[in-house]
Structures are given as C-alpha cells and as structure tokens.
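> Residue numbers (the working numbering), protein chains in the order written: chain A, 620 to 914; chain B, 19 to 303.
No lab work stands behind these hints, which were simulated from the structure alone.
Bear in mind that the values here come from a model prediction, so they are computed numbers and not experimental data.
Treat the hints with care, as some may be off.
Stated by the list, open to error - Only pairs whose alpha carbons sit at most 27 Å apart, straight line, appear in this in silico BS3-like list of lysine-lysine:
hint	chain 1	residue 1	chain 2	residue 2
1	A	879	A	864
2	B	296	A	624
3	A	728	A	806
4	A	624	B	292
5	A	864	A	762
6	A	806	B	296
7	A	728	B	292
8	B	296	A	728
Said to hold, decoys possible - Derived contacts from chain A toward chain B, CB cut-off under 8 Å, selection only:
hint	residue
9	635
10	661
11	861
Said to hold, decoys possible - Pulled a few chain A residues facing chain B out of the computed Cβ check, cut under 10 Å:
hint	residue
12	637
13	685
14	689
15	700
16	701
17	704
18	707
19	713
20	726
21	732
22	738
23	744
24	757
25	799
26	821
Even glycine gets a Cβ: it sits at the ideal position worked out from N, Cα and C.
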Amino acid sequence: MTTEKRVLFKSKWLPWLLVAPQLIVVGLFFFLPAGQALVESVLESDAFGAGSTFVGLDNFSRLFADETYIQSFSTTAFFSILVAGSGLSISLLLAVMADRIVRGALFYKTLLILPYAVAPAVVGVLWVFMFTPSMGVISHVLKGAGIDWNHLLNGQHAMALIVTAAVWKQISYNFLFFLAGLQSVPKSLIEAAAIDGAGPWLRFWSVQLPLITPTAFFLLVVNIVYAFFDTFAIIDATTSGGPGKDTSVMVYKVYQDGFKAMDLGGSAAQSVILMAIVVALTVIQFRYVERRVNY
Amino acid sequence: MIERRPFTTLLAHALVLMGVLVVAFPIALAWIAATQTPEQIAQSIPMSMVPGDNLWSSLEQALFGGQTRKGNTLPAVAPMLWVSLVSAIIISTGKIVISLLSAFAIVYFRFPFRNLIFWLIFITLMLPVEVRIVPTYAVVSSLGMLDSYAGLTIPLMASATATFLFRQYFLVVPDELVEAARIDGAGPMRFFFDILLPLSRTSIAALFVIQFIYGWNQYLWPLLVTTSEDMYPIVMGIRRLMAGGDAATEWNVVMATALLAMIPPALVVILMQKWFVKGLVDTEK
C-alpha cells in the first residue's frame with residue numbers, strides 16, 4: 620500500500636487552511652476535554668466550586684475502595700461477555716443459513732438490517748413495552764410459563780432485558796459482516812471439500828469457520844466496544860441502571876456521578892480508566908488489522 | 019449451490035425466517051400498538067394482536083401533542099422530528115466536508131507536522147463522548163453553545179473513520195490525473211472540486227448513510243447539551259413520554275412516536291442499501 624503521492628501540490632498556507640476545521644473540532648471537543656479529565660482526576664474541587672487542590676491518586680484509590688465501582692466493573696464485564704457471546708453466535712448461525720439461501724435472500728437481508736437503523740433509545744422503549752410487568756406481551760407469556768417477570772425489582776430480569784435489547788440491535792451489524800466473510804470464502808475450496816465427500820456440517824467446521832476467524836475476532840472487539848460504550852441509551856431507556864445498581868455499567872456510572880451527583884474528581888478518574896480501556900481495545904483491534912493485511 | 023439437499027435448504031429457510039420474525043416482532047408490535055386506542059391496549063392483557071383503526075389519531079396526537087383523554091398533556095413531536103432531521107443532516111454533511119478537506123491536505127501536500135496531524139485525528143477514535151462526558155459539557159457550555167444546533171452538532175463532527183477512508187481512497191487515485199490537471203493549469207482547489215470530488219461520489223454516498231444514522235440516533239449528547247424542550251431531538255423526546263410510569267404511559271402515542279423516530283433512518287438504510295453495506299464494510303477496513 621502506498622502512503623505517499625509522487626505528484627504533489629505546493630502551497631505554504633493552503634494545507635493548513637484545509638485541515639483547520641477538523642483540527643479545531645478535534646482540539647476543542649476531544650483533546651481539551653480529555654486533558655481536563657486527566658487533570659481533574661488528580662484534583663479535588665470543593666463543593667462550592669471555589670477552588671481545587673492537588674490530591675495525587677486519591678481519586679483513584681477512593682474509586683477502587685468503593686464497592687459500587689467494583690460492582691459496576693463486574694456488571695460491565697458480565698454484560699459485555701453476554702452481549703458479545705450471544706450476539707455473535709446468533710448472527711453467525713443466521714449468516715451461515717442465509718449464505719445457503721438463494722431465493723428470497725434480499726428480502727431476508729433487508730429485514731435483518733432494520734435494527735441497525737433503530738436508535739438505541741428507541742430500542743430500549745420497544746423492549747420495555749414488551750416486557751412491562753403489568754401488561755407487556757412477553758412478560759404475560761412468561762407469567763404463563765411460571766416466571767413472575769419484573770425487571771423493575773429483579774436484578775437478573777433487568778440484566779436479561781438489557782442484554783436482549785442490546786443483542787437485538789447489534790444483530791444486523793454482525794450478520795452483515797459474517798455474511799460478507801462467508802461469501803468471500805473461495806467457492807473452489809468449498810467445492811473441493813464437497814468432492815472429497817464433506818457434507819455441509821463438516822465443510823462449515825473445517826473450511827468456512829477457520830477462514831472467517833479474522834472476521835469473528837474483529838467482531839468480538841467491536842461488540843465489546845459496543846457493549847461498553849454504545850449501550851448507554853438502551854440502559855437509560857429500560858432500567859436506568861436499576862434496580863439498585865444492578866445494571867449500572869461503567870459508562871452509566873460516569874454519567875450519574877458526574878452529572879447527577881456532581882462528583883467531578885471521581886467522575887474524571889472514571890473517565891481516565893475508561894479511556895485506558897478504549898486505548899487497550901483499539902490497540903488490540905489494530906494489531907489484528909495489521910496481521911490480516913500481511914496474511 | 020454445491021449439491022441439492024432440499025432438507026438442509028428448508029432448514030436454512032426455516033431458521034432464517036425465525037430470525038427475521040424475532041427481529042421484526044418488536045417493530046411490528048410498535049405498529050400494532052400505534053393502531054389501537056389507549057383503552058384497547060390497557061383493557062386486554064396481553065394486548066390484542068389485531069391492528070385497530072386508531073393509527074392516524076395516534077400519529078396526530080404524537081405529532082402535535084396536547085391534552086389526551088387520560089388527562090395527560092403531551093409534548094408535540096413534530097418540532098423534535100425537525101430538530102433530529104436538521105442535526106442529522108448537519109452532522110453527516112459536516113463530517114464529510116471536514117474529512118474530505120483534511121484528507122485532501124494530508125495526501126496532496128507536504129507540510130510540517132503532517133503525520134502528527136493525521137495521528138491526532140486518528141486518536142479521536144479512542145475518545146468517544148462517553149469517556150469524557152463532564153469536561154466536554156464544560157467546554158460547550160463555556161462557549162455558550164448549549165441549547166443550540168451548534169452545540170448539538172459541531173462537537174460530533176470530527177471523524178477519524180471518514181478521514182481515514184478518504185485518505186485511503188485518494189491514495190489510489192492515479193497520479194496522472196494530477197499531472198494532467200497541472201498541465202492544464204488547474205490549481206489544487208480546482209483539481210479538488212472538478213476531479214477528486216466527482217471521483218469520490220460513491221464513498222461520499224456510503225459515508226452519508228452511516229453518518230446520517232449516527233447523527234439521528236444520538237442520545238447521550240443531546241441529553242447533556244439541551245435543556246429547553248424545543249431543542250430536543252425525537253430520540254430523546256420519546257424517553258420523556260414514558261416518564262409517567264407504567265399505568266400513566268399512553269403507549270399508543272409512545273409507539274406512534276417510536277415509528278416516527280424509526281422511519282427516516284430506516285428509509286435511508288433501505289433505499290440506499292447498496293451504499294450502506296459498502297460504507298459499513300469500508301469504514302471498518
């Protein structure tokens with residue numbers, strides 16, 4: 620891949636003018652706030668906003684001594700494993716099946732990509748409606764099956780609800796990538812395996828699946844990032860982090876501590892930890908992308 | 019198809035059909051609820067799966083608000099739709115314009131700190147709004163941009179993925195085009211508008227679909243920077259309709275609002291399906 624042009628334009632000021640709008644937005648709304656979060660995470664501002672003092676890593680140690688923070692950590696981990704795990708397996712199954720289908724493929728595909736267009740907050744509203752304890756359609760069916768559904772009181776029910784809603788929203792994305800991956804597996808390989816007597820099941824396990832592991836790995840990272848950061852609206856619209864703090868994931872807690880409880884130092888320290896997590900995930904993703912380019 | 023296995027094909031159809039039904043069910047249910055009256059929804063548990071004939075009045079009540087039979091006063095959603103539409107268009111257009119310009123500068127010019135600038139833009143991938151909520155709010159508020167279209171859109175306009183995509187695309191545009199343009203006496207901006215821009219049409223269309231949906235579906239950011247009701251986007255407004263709790267919620271109006279919030283991005287995805295899939299796969303490469 621070339622990264623340089625041979626032929627260029629020459630101007631001292633024009634390139635600066637061209638990058639200026641992007642640089643202004645990036646500087647003002649990305650780097651300045653991120654820098655401020657870093658600074659605030661080692662400061663403690665007094666309640667009246669009159670001044671702040673340097674407290675070193677106090678905010679961080681306070682955070683890790685705080686049980687609710689540790690709990691939000693494990694809630695987030697549990698939530699993202701469930702979302703990524705079930706989301707990937709369901710979409711892979713659908714993609715493998717859809718890959719076999721010739722007739723009606725466009726119809727299926729169009730319907731399966733619809734959730735991508737639905738805003739996370741609206742997703743939350745749709746699922747709450749089905750699971751409302753008093754009159755929801757699905758909670759009624761569950762009641763018939765002996766489950767007294769109430770996600771407003773039962774933490775496990777609340778977790779199940781947000782996982783289901785989050786997976787539903789992400790199926791489209793996973794499905795499209797798996798399908799693209801499956802369709803880029805060379806037909807000759809599959810035909811060769813078929814001639815050697817391998818049935819569809821064996822062909823999937825020994826030919827297709829190994830060839831789409833890069834896609835699967837990429838999707839795993841994307842889904843974890845999604846579960847960490849893009850599910851705020853789903854949670855806010857369904858459980859608002861409750862009951863108690865049972866579905867309060869890290870991003871939800873940053874918002875609540877910073878905006879509702881006005882604990883700026885603590886919220887900034889949480890932001891810094893979240894940034895470290897995103898950086899780690901991005902690095903993993905890009906190391907993998909490099910590998911794929913080489914292979 | 020490699021061999022004929024009617025049973026396996028049937029199984030595939032059955033499974034995919036089941037998946038499609040599960041995926042479509044919440045949306046279908048929203049539509050059914052919007053066609054009924056609040057009394058119909060509340061009286062039979064579970065609600066009837068037969069569409070009623072109340073769709074237009076649910077939609078009307080959602081769009082224009084006002085007093086309901088239950089005695090709730092509902093906000094009008096029509097202005098929220100407008101706010102959503104305007105900000106989604108500003109965000110997607112803004113992202114594309116500033117990314118095109120900076121990718122053009124980075125690929126076609128040599129200037130000091132060029133690589134540094136590219137990396138600065140790229141690193142923003144690692145700084146989603148969610149991780150810097152409070153300080154970003156502070157910046158926007160000190161600039162006096164709360165409750166304005168500027169506040170709703172400009173902070174979301176930086177785009178590492180779009181810049182990266184256009185840069186990759188420009189790098190494979192043949193150098194002969196620049197040479198030819200230069201021989202014909204065209205300056206850089208002339209080249210940009212007359213040659214580069216028309217060549218990038220499909221990439222632009224693909225990105226527009228993705229970014230329009232991104233802009234339309236924003237929730238956390240508007241929640242932070244808007245306090246006055248006439249600057250609420252619809253995605254945020256729908257959440258407020260449910261504030262009354264279980265019994266008080268007018269589900270037919272909420273679901274009519276959900277439909278109104280879903281239709282524009284769904285139309286964009288369906289009508290531009292080809293570009294959408296291309297854009298999605300390209301931006302992640």
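> Work down the list of hints and note, for each, if the structure agrees.
Now for the hints, and whether the structure bears them out:
Among the hinted pairs, residue 879 of chain A with residue 864 of chain A is consistent with the structure: their alpha-carbon atoms are about 14 Å apart, no more than 27 Å. Our distance criterion of 27 Å between C-alpha atoms is met by residue 296 of chain B and residue 624 of chain A, whose separation comes to about 26 Å. Taking the CA atoms of residue 728 of chain A and residue 806 of chain A, the gap is about 21 Å. The hint holds against a cut of 27 Å. Between residue 624 of chain A and residue 292 of chain B the CA atoms are separated by roughly 30 Å; this puts the pair beyond 27 Å, and the hint is violated.
Between residue 864 of chain A and residue 762 of chain A, the direct Cα distance comes to roughly 25 Å. Compliance with the 27 Å bound is thereby established for this hinted pair. With a C-alpha separation of about 21 Å, the suggested pair residue 806 of chain A and residue 296 of chain B falls inside the 27 Å cut-off, and the hint holds. A threshold of 27 Å between alpha carbons decides the hint, and for residue 728 of chain A with residue 292 of chain B the separation of about 12 Å falls inside it, so the pair holds. The straight-line distance between the Cα atoms of residue 296 of chain B and residue 728 of chain A is roughly 14 Å, inside the 27 Å bound, and the hint therefore holds.
This hint holds: residue 635 of chain A has a C-beta 7 Å from the nearest C-beta of chain B, less than the 8 Å allowed. Because the smallest distance between the Cβ of residue 661 of chain A and any Cβ of chain B comes to about 14 Å, over 8 Å, the interface hint for this residue is violated. Taking 8 Å as the C-beta cut-off, the interface hint given for residue 861 of chain A is violated, the closest approach to chain B being about 13 Å. The interface hint given for residue 637 of chain A holds, since its Cβ lies 4 Å from the closest Cβ of chain B, which is under the 10 Å cut-off.
Hint on residue 685 of chain A is violated. Least Cβ distance to chain B is approximately 18 Å, over the 10 Å limit. The interface hint given for residue 689 of chain A is broken, as the beta carbon of that residue sits about 19 Å from the closest beta carbon of chain B, more than 10 Å. Interface hint at residue 700 of chain A: violated, since its Cβ lies 19 Å from the closest Cβ of chain B, which is beyond the 10 Å cut-off. Among the interface hints, the one on residue 701 of chain A is violated; its C-beta lies about 17 Å from the nearest C-beta in chain B, farther than the 10 Å criterion.
Residue-level restraint check for residue 704 of chain A is violated (minimum Cβ-Cβ distance to chain B is 17 Å; threshold 10 Å). Interface restraint check: residue 707 of chain A against chain B, minimum CB-CB distance 14 Å, threshold 10 Å, status violated. Among the interface hints, the one on residue 713 of chain A holds; its C-beta lies about 5 Å from the nearest C-beta in chain B, closer than the 10 Å criterion. Because the closest C-beta pair between residue 726 of chain A and chain B is about 8 Å apart, less than 10 Å, the hint holds.
Interface hint at residue 732 of chain A: satisfied, since its Cβ lies 6 Å from the closest Cβ of chain B, which is below the 10 Å cut-off. With 10 Å as the threshold, the beta carbon of residue 738 of chain A comes within range of chain B, its nearest partner Cβ sitting at about 4 Å, so the hint holds. A least Cβ separation of about 6 Å between residue 744 of chain A and chain B falls short of the 10 Å threshold, and the interface hint therefore holds. Checking residue 757 of chain A against chain B by beta carbon gives a least distance of about 8 Å; that is within 10 Å, so the hint holds.
Checking residue 799 of chain A against chain B by beta carbon gives a least distance of about 6 Å; that is within 10 Å, so the hint holds. A cut of 10 Å between beta carbons decides the hint on residue 821 of chain A: the least distance to chain B is about 13 Å, and the hint is violated.
The structure fails to meet hints 4, 10, 11, 13, 14, 15, 16, 17, 18, 26 from the earlier list, while all remaining hints are met.
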